[in-house]
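Participant: Chains as they are written, first to last, in our numbering: chain A, 14 to 270; chain B, 40 to 734.
Note that these hints are calculated values from the structure, not bench results.
Careful, some of the hints might be misleading.
[Stated by the list, open to error] Calculated pairs, DSSO-like style, for lysine-lysine (alpha carbon to alpha carbon, straight line, at most 27 Å): (1) LYS234/A / LYS213/A; (2) LYS336/B / LYS179/B; (3) LYS162/A / LYS218/A; (4) LYS179/B / LYS234/A; (5) LYS234/A / LYS336/B; (6) LYS218/A / LYS234/A.
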Amino acid sequence: MSRDIHLYLSLIPEALIASMLTPEEFGVYYAAGTAKKARGQAVFFEVDPDFRHDYFRIEEGIQRCVPHEDGSPKASIYISVYRVLEHVPLSELGELYLVTADGRVLGLDASETVPESTRGLHLYQEIAPVHPMVVSSLGPTAFYELIVKNPNILLRLPAICFAELRLGDLAEDPEEGNVGDLPYSRVEHLRQCLVALSTKTVDAKMVNRTAPATFSYRTIKSGIYVGNESDLLFFPFPTVEELRADHYRWFRSAWST
Amino acid sequence: MIATQAWAVIALFAGFVAVGVALWLYRWVHQQDPGSERAQEVASWIREGARTYLGRLYVVLTLMAAGMGFIIAMVFAFDIEHLGTEAVRIAPARGLAMALAFLAGALCSAIAGYMGMTIAVEANVRSATAAQESLSGAFKVAFYAGSVMGLAMVGLAIIGMSTIYLLTGDPEIILGFSFGASALALLAKAGGGIYTKTADIAADLVGKIEIGIPEDDPRNPAVVADNVGDNVGDVAGMGADVFDSYVASTVAAMLLGASIFAADPVLQLRHVLFPLMLSTLGIVASLIGIRLVRVEKGGRPGRALNSGTIFTTAIFAALATALVLLGGYSLGLLWATLAGLVTGVVIGFTSDYYTSARFRPVVETARVSGSGAAINIITGFSYGLVSIVPSIVGIVMATLLSYYLTDVYGISGIYGVGISAVGMLSISGMIVSSDAYGPIVDNARGIAEMAGMSQEVIDTTDVLDAAGNTAKAITKGFAISAAALTVLALFAAYAEVVGARGIALVISLRDPVVVAGVLLGAVTPPLFSALTMLSVTHNAFDMIEEVRRQFEERPGILAGTEPPDYAACVGLAARGALASLVWPAFLAVALPLLVGFVLGPEALGGFLGGSIFTGVIFALLMSNAGGLWDNAKKYIEAGRFGGPGSDAHKAGVVGDTVGDPFKDTAGPSLNTLITVMSLVSSLFAPVIAALHLFR
Chain A
14 MSRDIHLYLS LIPEALIASM LTPEEFGVYY AAGTAKKARG QAVFFEVDPD FRHDYFRIEE
74 GIQRCVPHED GSPKASIYIS VYRVLEHVPL SELGELYLVT ADGRVLGLDA SETVPESTRG
134 LHLYQEIAPV HPMVVSSLGP TAFYELIVKN PNILLRLPAI CFAELRLGDL AEDPEEGNVG
194 DLPYSRVEHL RQCLVALSTK TVDAKMVNRT APATFSYRTI KSGIYVGNES DLLFFPFPTV
254 EELRADHYRW FRSAWST
Chain B
40 MIATQAWAVI ALFAGFVAVG VALWLYRWVH QQDPGSERAQ EVASWIREGA RTYLGRLYVV
100 LTLMAAGMGF IIAMVFAFDI EHLGTEAVRI APARGLAMAL AFLAGALCSA IAGYMGMTIA
160 VEANVRSATA AQESLSGAFK VAFYAGSVMG LAMVGLAIIG MSTIYLLTGD PEIILGFSFG
220 ASALALLAKA GGGIYTKTAD IAADLVGKIE IGIPEDDPRN PAVVADNVGD NVGDVAGMGA
280 DVFDSYVAST VAAMLLGASI FAADPVLQLR HVLFPLMLST LGIVASLIGI RLVRVEKGGR
340 PGRALNSGTI FTTAIFAALA TALVLLGGYS LGLLWATLAG LVTGVVIGFT SDYYTSARFR
400 PVVETARVSG SGAAINIITG FSYGLVSIVP SIVGIVMATL LSYYLTDVYG ISGIYGVGIS
460 AVGMLSISGM IVSSDAYGPI VDNARGIAEM AGMSQEVIDT TDVLDAAGNT AKAITKGFAI
520 SAAALTVLAL FAAYAEVVGA RGIALVISLR DPVVVAGVLL GAVTPPLFSA LTMLSVTHNA
580 FDMIEEVRRQ FEERPGILAG TEPPDYAACV GLAARGALAS LVWPAFLAVA LPLLVGFVLG
640 PEALGGFLGG SIFTGVIFAL LMSNAGGLWD NAKKYIEAGR FGGPGSDAHK AGVVGDTVGD
700 PFKDTAGPSL NTLITVMSLV SSLFAPVIAA LHLFR
């Protein structure tokens, strides 16, 4: 049986990959199904298989994406591992897949609208192309505009994918607010960074410059944002109730770590 | 009023009633819906694993029982009264009776364990299936299945003791029965404890920590061994543990009755049978209490179990009062009974204070976990040390109250201590029923997860499981304090048996031989703990390598495209646990004999004293600290102090892993260790009194 070739834009690490696996199969393979110990959390977009761009040698990659000698499908051909996100138009992106470390896959569709910013302070985990953890007084849209569209900022990115994370009580009361179930390391430092937003003239402050791109899915607040100089897409994250009811296996896996 | 002697027959009848009800409940549980094909398949893995382990365990036990039985038959074939003199005669009938009693004790304990295990591995899937309909239905299945263990245990114990008494009229022969039960209990408890924690640690460290898969995930190769471990450790192991304390306390009090009232045959008979009467009334109270336990729609299983224990306690207290008043017994015996009964329940609930997430020790340990694993461990260990105090105070109060309140009424206080131990253990039927419920619902939760049942079912089994954890903590506290009082009574019985051979036992700390015995005894529980915990780490190391190997060589396991090799882990756990039992068993049986035959009865008395003191302290510390660490981790997992994945959680996981062999391997096995050593000493006391190197 012939299999279609899929294109995936991986964010951890940033890469464009051709594969004969469906998104669900690819998620399991990418996070867990390899004997090379190259396992762990994965976040990727499905990309329109007809997508082509001069920056990438996509045809060459697709031609190499053939079944193994035993007939099993080719799991991955890396086409590019550098500056991928900025070269893929957002119109080419399909579903966003969040894969837990043990291979449970959750697909998210883009929303037609980007939500209004909520009150209080914000915490962002940048996923690609760089991945620091940042606090900001700006809502997600303003934060994206600051990083990607503001020509005057020193640290500017051509594209960005980030998740807005929960701050709980700290969003309103960084000094005294209850940490609750927020699993962040060095909470006191996080508090100081949040306090600094109100005492210094900065819109954003880096909390952790060495943060890995992986993060606990249960900390996602509103969803995941991806934007470049022309567009911003928002992938809303389901509520806990929706996850428990409709994606229980994924929920169990994501909430236990 | 019923003739005194008839009470032995009534006790026998009550034992048969208890076993009959257990069999009826067994049948009822078996008739419940076993669920979907997938659920039955998952349950069959656990069932087969449990049977494999039990089969191997019972082969080892049969060999051990045959060997010990032969030794007992040989030793007691000599006329003990004249041992060491030229007038010694050979009395093979007594040796044979003692050996048969020993074998009967081991057999009854084995049957109770087998019944409990067999129904537990049938009930788990039925409880999970019933949870699809209602919480109350699932609770009923699990609790009635637990009751099979509770009632079979007390029923078989009473049948054994009353039959031997009716046949021989000699409480010392029943001591052989008790030794048989205890020897099996030691191996079942220690072996089950090693098995369950080997599997638990391997499943957690590789599955949850390294790979990141959730609890009870069917892709984990160690998950079935983990579920089997719940049964072999907490059903068969804990059942055997309480069985041995139950029998030992009754026998110790009967022996004390026979010795203290030897001058008056009528009084002697009344006080030899009084412990058996109390145990009989305990069965009646437990039967009523079990019937009263139920969860209505929207009810709370934990409250139902606790209410059942309190109802049973109250019923037993009323029955014991009636027995004392109508039977013309001294009121001192009633106070001694009630002192033991109330102390047992209070100590059980005190353990709950130190291990429940509703109270400060667990919350504080969870709170400081954000500072790292070392702080978590220091805090948990410290609270574990503090937790010893109320239990020891309880045991001290029960001992002093029962002693002096009996003494005031003109009866030897030491008999009162023995009776208080019987009073405490009289409601064992109910206590074990609640305890055995725990692993059944734990398994039900695992089966629901592995069989892909709905989230609502898993939520229901979570509620049932939480109640089981509380019952488990209470039972551990109860079992340790009961064992402590029992061995104090056995200690007194030992002194009486030695005294009956013309040696006035003077245990003075000014005597270097006694000091030597105390120190050797004191070091035995720590050494035993070390041996069992090292067995866990050794076996867990092997299983961790096996789980890693499966994940690395067969990527399809994690991808969900091929099943893991569950049997490999089950086999590793079983082989490892059984191979690890040799030295702990040797310590328990051989060391007291060695001390007795070499250093003499005084040194052996000191040895028992030393082992009782450190044994009780270590057992309380390890059980409570382990339970505290476990629940501190769960408290964090429930979304406090950062929740899963936080630094506090990582520290909590380390603390929980350290505490696992504390609370489920070494800690609870120490009860049985000190009981076995006390029984060996009491049983062989006449021989040691006649033959020893020093003095």
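Participant: Can you list which hints this structure breaks, lowest number first?
Facilitator: 4 and 5
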